[in-house]
Amino acid sequence: MVEIQEVAGKTSIQEYLFLVGGALLGIIRDGDLIEWDVDIDYGLVVPELSEDIESKIEDFREYLRSIGFYVSHNPTERGYRGAALAFYAEKKDIKNDFDVEVGKEGDKVIRMQKYPFPGDVILPLRKIEFKGELFSIPNKPEEFLDIVYQEAGWRKPIKDWSPRLDVMAKKVAHK
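The numbers in full-length UniProt numbering rise by one with no breaks, and the one at position 29 of the sequence shown is 29.
Note that these hints are calculated values from the structure, not bench results.
Just so you know, these numbers come straight off a predicted model, no measurement behind them.
Incorrect hints may appear among the rest.
Said to hold, decoys possible - Distance condition first, Cα-Cα at most 30 Å in a straight line; then the derived DSS-like pairs of lysine-lysine:
1. K140 - K10
2. K56 - K156
3. K10 - K156
4. K91 - K131
5. K56 - K114
6. K92 - K114
7. K91 - K114
8. K140 - K56
9. K95 - K56
10. K114 - K156
11. K127 - K156
12. K91 - K108
13. K104 - K127
14. K92 - K108
The whole structure should be built from the sequences, with the hints applied where relevant.
Structure, rendered in structure tokens:
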């Protein structure tokens, strides 16, 4: 995680990068990463998908490659989980997933990971200290986690959680 932060700082995307998913959940709930989580999830909320922003993202990807990360070939546009762009970088069996979304402070809604978030739940990003390092997280991390984990909840560890659990819970509730 520290290496990703350093590269983000060197390639001018640090202001957009923040922890999401299981990494955020573990740090907020347990003060540590989740032992059985298989990746580190990051969000990047950019004000627009301009040539300048896309160039910064590509510089980030290239820098990761230059220091030994395998980086997925091309960001998928509106592909994985509905992200504007999505890619992953892997090194030493640690997979880092990146979802790039468009949004800016003051937006009423920012879509991320297929979920519509009230804009102020994500922006402005805030910092949290974890193992002596500062990382950016959503502005209201508990509300963010409530939206992502829905009925399954996030305050109690569920080793076999997957997004499908929430979908199934909704189907059962509506029968």
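Straight-line alpha-carbon gap K114 to K156, limit 30 Å: Status holds; Cα separation ~23 Å.
Hinted pair K104 and K127, Cα distance within 30 Å: Roughly 17 Å between the alpha carbons, so the hint for K104 and K127 holds.
Pair hint K92 and K108, alpha-carbon separation not exceeding 30 Å: violated, 39 Å
Satisfaction of hint between K131 and K91, Cα-Cα up to 30 Å: holds, 21 Å
Agreement of K95 and K56 with the hint, judged by alpha carbon distance not exceeding 30 Å: holds, 21 Å
Agreement of K140 and K56 with the hint, judged by alpha carbon distance not exceeding 30 Å: holds, 26 Å
Pair hint outcome, K56 versus K156 [Cα-Cα no greater than 30 Å]: violated, 38 Å
Pair hint outcome, K92 versus K114 [Cα-Cα no greater than 30 Å]: holds, 29 Å
Hinted pair K10 and K156, Cα distance within 30 Å: violated, 37 Å
Satisfaction of hint between K10 and K140, Cα-Cα up to 30 Å: Status holds; Cα separation ~27 Å.
Hint consistency between K91 and K108 [alpha-carbon to alpha-carbon, up to 30 Å]: Given pair K91, K108 is violated - Cα atoms ~37 Å apart, limit 30 Å.
Hint consistency between K127 and K156 [alpha-carbon to alpha-carbon, up to 30 Å]: Since the Cα atoms of K127 and K156 sit roughly 24 Å apart, the hinted pair holds (cutoff 30 Å).
Violated hints, listed in ascending order, are 2, 3, 12 and 14; each of the other numbered hints is respected by the structure.
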